[in-house]
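There are 2 protein chains.
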Amino acid sequence: MAEFADPRVLRFLLYDVLAADRLVERARFAGQERAIYDQVLDTAERLAASHFANHNRAADLAEPRLENGKVVVIPEVEAALDAFADAGFLAAHHDAALGGAQLPWTVVQTAFAFFQAANIATAAYPFLTIAAGNLIARFGSDEQRATFLPSMLDGRWFGTMCLSEPGAGSSLGDIRTTATPAPDGTWRLKGTKQWISGGEHQLSENIIHLVLARTEGAPPGVKGLSLFIVPRFRLGAGGARGPSNDVALISLLHKMGYRGTTSTILAFGEHDDCVAQLIGERHQGLVLMFQMMNEARIGVGLGAAMLGHAGYRYSLGYAKERRQGRPIAAKDPTQPQIPIIEHADVRRMLLAQKALSEGGIALCLYAARLVDDAATEPDPIRRRDAGLLLDLITPVCKAWPSIHGPASNDLAIQILGGYGYTRDYPVEQYYRDNRLNPIHEGTNGIQALDLVGRKLSADAGHGMRLLGARIGDTVDEARQSSEFAPLADKLAGEWGRLVALAKRIDAEITAGKREAVLADASLYLEAFGHVMVAWLWLLQALRAGAAPGLDDDFRRGTLQACRYFFAYELPKVAAWCDTVGRFEGIALHAKPAWF
Amino acid sequence: MAEFADPRVLRFLLYDVLAADRLVERARFAGQERAIYDQVLDTAERLAASHFANHNRAADLAEPRLENGKVVVIPEVEAALDAFADAGFLAAHHDAALGGAQLPWTVVQTAFAFFQAANIATAAYPFLTIAAGNLIARFGSDEQRATFLPSMLDGRWFGTMCLSEPGAGSSLGDIRTTATPAPDGTWRLKGTKQWISGGEHQLSENIIHLVLARTEGAPPGVKGLSLFIVPRFRLGAGGARGPSNDVALISLLHKMGYRGTTSTILAFGEHDDCVAQLIGERHQGLVLMFQMMNEARIGVGLGAAMLGHAGYRYSLGYAKERRQGRPIAAKDPTQPQIPIIEHADVRRMLLAQKALSEGGIALCLYAARLVDDAATEPDPIRRRDAGLLLDLITPVCKAWPSIHGPASNDLAIQILGGYGYTRDYPVEQYYRDNRLNPIHEGTNGIQALDLVGRKLSADAGHGMRLLGARIGDTVDEARQSSEFAPLADKLAGEWGRLVALAKRIDAEITAGKREAVLADASLYLEAFGHVMVAWLWLLQALRAGAAPGLDDDFRRGTLQACRYFFAYELPKVAAWCDTVGRFEGIALHAKPAWF
Numbered sequence: 080m081a082e083f084a085d086p087r088v089l090r091f092l093l094y095d096v097l098a099a100d101r102l103v104e105r106a107r108f109a110g111q112e113r114a115i116y117d118q119v120l121d122t123a124e125r126l127a128a129s130h131f132a133n134h135n136r137a138a139d140l141a142e143p144r145l146e147n148g149k150v151v152v153i154p155e156v157e158a159a160l161d162a163f164a165d166a167g168f169l170a171a172h173h174d175a176a177l178g179g180a181q182l183p184w185t186v187v188q189t190a191f192a193f194f195q196a197a198n199i200a201t202a203a204y205p206f207l208t209i210a211a212g213n214l215i216a217r218f219g220s221d222e223q224r225a226t227f228l229p230s231m232l233d234g235r236w237f238g239t240m241c242l243s244e245p246g247a248g249s250s251l252g253d254i255r256t257t258a259t260p261a262p263d264g265t266w267r268l269k270g271t272k273q274w275i276s277g278g279e280h281q282l283s284e285n286i287i288h289l290v291l292a293r294t295e296g297a298p299p300g301v302k303g304l305s306l307f308i309v310p311r312f313r314l315g316a317g318g319a320r321g322p323s324n325d326v327a328l329i330s331l332l333h334k335m336g337y338r339g340t341t342s343t344i345l346a347f348g349e350h351d352d353c354v355a356q357l358i359g360e361r362h363q364g365l366v367l368m369f370q371m372m373n374e375a376r377i378g379v380g381l382g383a384a385m386l387g388h389a390g391y392r393y394s395l396g397y398a399k400e401r402r403q404g405r406p407i408a409a410k411d412p413t414q415p416q417i418p419i420i421e422h423a424d425v426r427r428m429l430l431a432q433k434a435l436s437e438g439g440i441a442l443c444l445y446a447a448r449l450v451d452d453a454a455t456e457p458d459p460i461r462r463r464d465a466g467l468l469l470d471l472i473t474p475v476c477k478a479w480p481s482i483h484g485p486a487s488n489d490l491a492i493q494i495l496g497g498y499g500y501t502r503d504y505p506v507e508q509y510y511r512d513n514r515l516n517p518i519h520e521g522t523n524g525i526q527a528l529d530l531v532g533r534k535l536s537a538d539a540g541h542g543m544r545l546l547g548a549r550i551g552d553t554v555d556e557a558r559q560s561s562e563f564a565p566l567a568d569k570l571a572g573e574w575g576r577l578v579a580l581a582k583r584i585d586a587e588i589t590a591g592k593r594e595a596v597l598a599d600a601s602l603y604l605e606a607f608g609h610v611m612v613a614w615l616w617l618l619q620a621l622r623a624g625a626a627p628g629l630d631d632d633f634r635r636g637t638l639q640a641c642r643y644f645f646a647y648e649l650p651k652v653a654a655w656c657d658t659v660g661r662f663e664g665i666a667l668h669a670k671p672a673w674f
Numbered sequence: 080m081a082e083f084a085d086p087r088v089l090r091f092l093l094y095d096v097l098a099a100d101r102l103v104e105r106a107r108f109a110g111q112e113r114a115i116y117d118q119v120l121d122t123a124e125r126l127a128a129s130h131f132a133n134h135n136r137a138a139d140l141a142e143p144r145l146e147n148g149k150v151v152v153i154p155e156v157e158a159a160l161d162a163f164a165d166a167g168f169l170a171a172h173h174d175a176a177l178g179g180a181q182l183p184w185t186v187v188q189t190a191f192a193f194f195q196a197a198n199i200a201t202a203a204y205p206f207l208t209i210a211a212g213n214l215i216a217r218f219g220s221d222e223q224r225a226t227f228l229p230s231m232l233d234g235r236w237f238g239t240m241c242l243s244e245p246g247a248g249s250s251l252g253d254i255r256t257t258a259t260p261a262p263d264g265t266w267r268l269k270g271t272k273q274w275i276s277g278g279e280h281q282l283s284e285n286i287i288h289l290v291l292a293r294t295e296g297a298p299p300g301v302k303g304l305s306l307f308i309v310p311r312f313r314l315g316a317g318g319a320r321g322p323s324n325d326v327a328l329i330s331l332l333h334k335m336g337y338r339g340t341t342s343t344i345l346a347f348g349e350h351d352d353c354v355a356q357l358i359g360e361r362h363q364g365l366v367l368m369f370q371m372m373n374e375a376r377i378g379v380g381l382g383a384a385m386l387g388h389a390g391y392r393y394s395l396g397y398a399k400e401r402r403q404g405r406p407i408a409a410k411d412p413t414q415p416q417i418p419i420i421e422h423a424d425v426r427r428m429l430l431a432q433k434a435l436s437e438g439g440i441a442l443c444l445y446a447a448r449l450v451d452d453a454a455t456e457p458d459p460i461r462r463r464d465a466g467l468l469l470d471l472i473t474p475v476c477k478a479w480p481s482i483h484g485p486a487s488n489d490l491a492i493q494i495l496g497g498y499g500y501t502r503d504y505p506v507e508q509y510y511r512d513n514r515l516n517p518i519h520e521g522t523n524g525i526q527a528l529d530l531v532g533r534k535l536s537a538d539a540g541h542g543m544r545l546l547g548a549r550i551g552d553t554v555d556e557a558r559q560s561s562e563f564a565p566l567a568d569k570l571a572g573e574w575g576r577l578v579a580l581a582k583r584i585d586a587e588i589t590a591g592k593r594e595a596v597l598a599d600a601s602l603y604l605e606a607f608g609h610v611m612v613a614w615l616w617l618l619q620a621l622r623a624g625a626a627p628g629l630d631d632d633f634r635r636g637t638l639q640a641c642r643y644f645f646a647y648e649l650p651k652v653a654a655w656c657d658t659v660g661r662f663e664g665i666a667l668h669a670k671p672a673w674f
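Those protein sequence lines, which keep their order, are chains A and B. Just so you know, the first sequence maps onto residues 80 to 674 in my numbering. Just so you know, the second sequence maps onto residues 80 to 674 in my numbering.
Hints listed in this document are in silico derivations from the structure and should not be mistaken for laboratory results. Treat the hints with care, since some could be wrong.
It does not matter which identical chain is meant; a pair holds if it fits inside one copy or across any two.
[As the list claims (entries may be wrong)] Derived pair list, reagent style DSS-like, types lysine-lysine, alpha-carbon separation capped at 30 Å:
no., residue 1, residue 2
1, Lys592, Lys410
2, Lys410, Lys399
3, Lys582, Lys149
4, Lys149, Lys670
5, Lys592, Lys399
6, Lys592, Lys302
7, Lys582, Lys569
8, Lys651, Lys569
9, Lys302, Lys651
10, Lys651, Lys582
11, Lys651, Lys670
The shape of chain A in the complex, shown without the other chains (with noise of 0.2 Å):
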């Protein structure tokens, strides 16, 4: 078993709690089997250790540098990409007709979620490839389809998403950069993007920038922004490698994690010579950028999670290991020390980081199974359910693992002690790495202001019952055994406590105090996190409960993780609610001259 992840976990969620197999009875994966999913999972798993955790500390001692104007990365991360895209990864959920094996998206993620715990900064490189691919298939004319996505998917070209201005980060409708048309059709771009991940480096042989940009005369704001293609160089006969087309890079930028990406400002048109494709419509670059957005919204939590899972797991090994002091019931100095595993406190700490990453992982892949049930469901309505239900749910998605994935981390550090804050010991680098997510791909407070000042009021709260009615049925089935009567009861009663809340908020919002109920938006948006992983370690522990072939201590561990999670982190619960029912404006009404 690989160190960094527990195939176990992964694959009891894929199968038998998100029942991934079943999908092969729908049209898109007829003909597929799990034995060709558990075949994925081990090909991830076999090039995830030997290729991305290989060289997970390395590239974060030797950051991406400048020689001779190059930008230089350590040479196993291009060994690495090479072999994920050589085994397919990058196409694997594409259409066949594109050379695609047509896989769900959620065994696609299960799959990328062992590249993530293994090195997620060399894994950020296909994931903001596959993503802007994923962009162009959906939203691409069929000659942009015809002339980008083949050599993204085989690994040839990769891409990025450029977003970000030094004056535009959280709020893109400041975005300054200018797309000009040319008599070709084509367009010139202008401007500057910052926290470009990827944006310039000798990996592949190109690189697809999908830029936002304003065309002139463009609505101010984010309606007025459009979506382009630019290619680091530009696209010679059959695709080949052309001249620079205008892209440079100004500096790269240094951060505490992930040092393994590139992470870039570039400069676009300074000699006013960047050309531009539009993608979609004009004015609709914000709408097609959401579409990426949100999918590596749900890939950011995804991420935070398996570095929760990837410390969990490290920190587990050690416990096992290290020797230190005695029982508190038999403490004789003269006795051998003791595994740390066995004090309570240590166990505690493991249980929590257990809870937490593990949570955030069900979490994720269930997003990614109604990514799936969006496309390929076969009743309308249920397709439709799907869409509104991922919609609610994806700033949670994002949000909630990054913040408790990094707490786990934190007590993976704890666990280990001294040795834990040594860069000898990989704990540190997981928690400094883990330390992005609650911020790239959109902050935790900007997810929180969607949910509770979009999402939850959105289609006049059906999402809110969609969530209610599932949880509702789990809440049911619990009640049948004696052993999960009480956190059914529990689960229903946080539940309740959220849709009232949920209500009490709307009513506010209603009457015009939309600003001081955004004010807490953070706080109901972590109650609602908390609430949702309830429900998903209930659903596990039924689940592992009726297994067949489980094995037992995975079925035992599955049920106090779930044990912990309802009487260590529910309470929690009452407690931001209560907070944040209170409506009393308290951070709205400090004014800046009292800090």
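Here the structure of chain A is known, so what remains is to put chain B in place on it, guided by the hints.
The following block gives chain B in isolation, referenced to the frame of chain A:
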């Protein structure tokens, strides 16, 4: 005002809340006056800015390194430590007879807080030297005091504490370093010590190690430990630096934070020629060392709180400058962007940082005041009570700020967004530096065991009654005011909850369920810290209302932080106590194989 620390906060706590200026009425501080204390604080603030903050990042980027067998640190560190010593800070609290200024510990710690906020890694050298000096001053023989203290008080020699070994971290009873008597009454030490901060460098003429070791025939466990003074270089005539004392650097350790502090593994007596002096009685080593550790624990808590404060100050300045987005109620994109401090979610994160970091500072300075009271309070009963109270809260003073200081730094990063995790801004370093504090000087888990397993019931619970009485005084005072009465009621309720749970814990322990109870000790400690900090915030709010000449904005900020703590933080106490009070043993009963 220094960017890294707000002197208004420290002065308000020192004078208005802790009434340190009243200490001049005591014999030891006779002839002193507030103007002197003000001058000390001014000097500290100035030196911290000019000599410590100036190289905080530089020392992080250029870790101590080995060159030709010598440990080299950047030159700014030596300049800083010279300035610190020249200003008299190493001797400030010592007896006048020793050349000290006999200042109150509360004042000295408040001054030291500036240095911790400015550069925690460079501040670690005097931190350890002062602690080692205090131990020698208290327990050394007259000859030892005369031999070592003058040079440690004027900065010619630095000090360390050497407890941990590779096989003995948290479990000090497993220390294997041996001490063998020599005919001349000295001892020969042999063993390996690890995690020794300041263990080797060229910053001082000599390094005075305080080393725990086991004498021949000593009982096993901690009861067989003795404490030794081991100079790095033998002392020649008049204290001149003699030959090496067979203390060798095995290796430097590389950490995620505090990088400017040399961290070492040391070999004592590789050539059986390491000369040591016993300090205090044989087998009393741990008792003596605890004097140093308890002081260091409060200092670690203060450092964690000050790092939290430094991050708060930086993110506050950033939030006032950085323009991004528009008011929720007026999102017209043609209008200029607003400073992000105008966004309620950002203000919430600023208020949280203020409440958590200043709460931690208040907690630790309150403990410093108890140190003074335990030493100089004229009334013997009050003097004893101060000591008992100090014993009770010491683990909380170490652990609580080292949980919530890092949590505060996490929010500072969040406010800066992408810039926050970039190494061009200081907040990511504060976050990394602060991650050490929950571990060193006794992990937070050990602090929790100390609080719940020992301190709660020490002296038949007298410490708890004393704390209850002090909290009760504040509750009574607050109930006189309609503004504060609701907060007083809440505080009284939560304190009552803690006391009731402490009684149930005591009963469980008496019933032989010690292990199950201690499994959740960390949660009880968090709850305990929250109630204490809520109390200190209410006290601050009361004093801010009454303090003459206090800036009105500062006063209102204090009140708002108090309100924030009661509304956002205090509700968590019920959740923690609820979990602890189940005594379910969920972590305890999770078998290693289940993970």
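Q) Which hint numbers doesn't this structure obey? A) Violated: hints 3, 4, 9.
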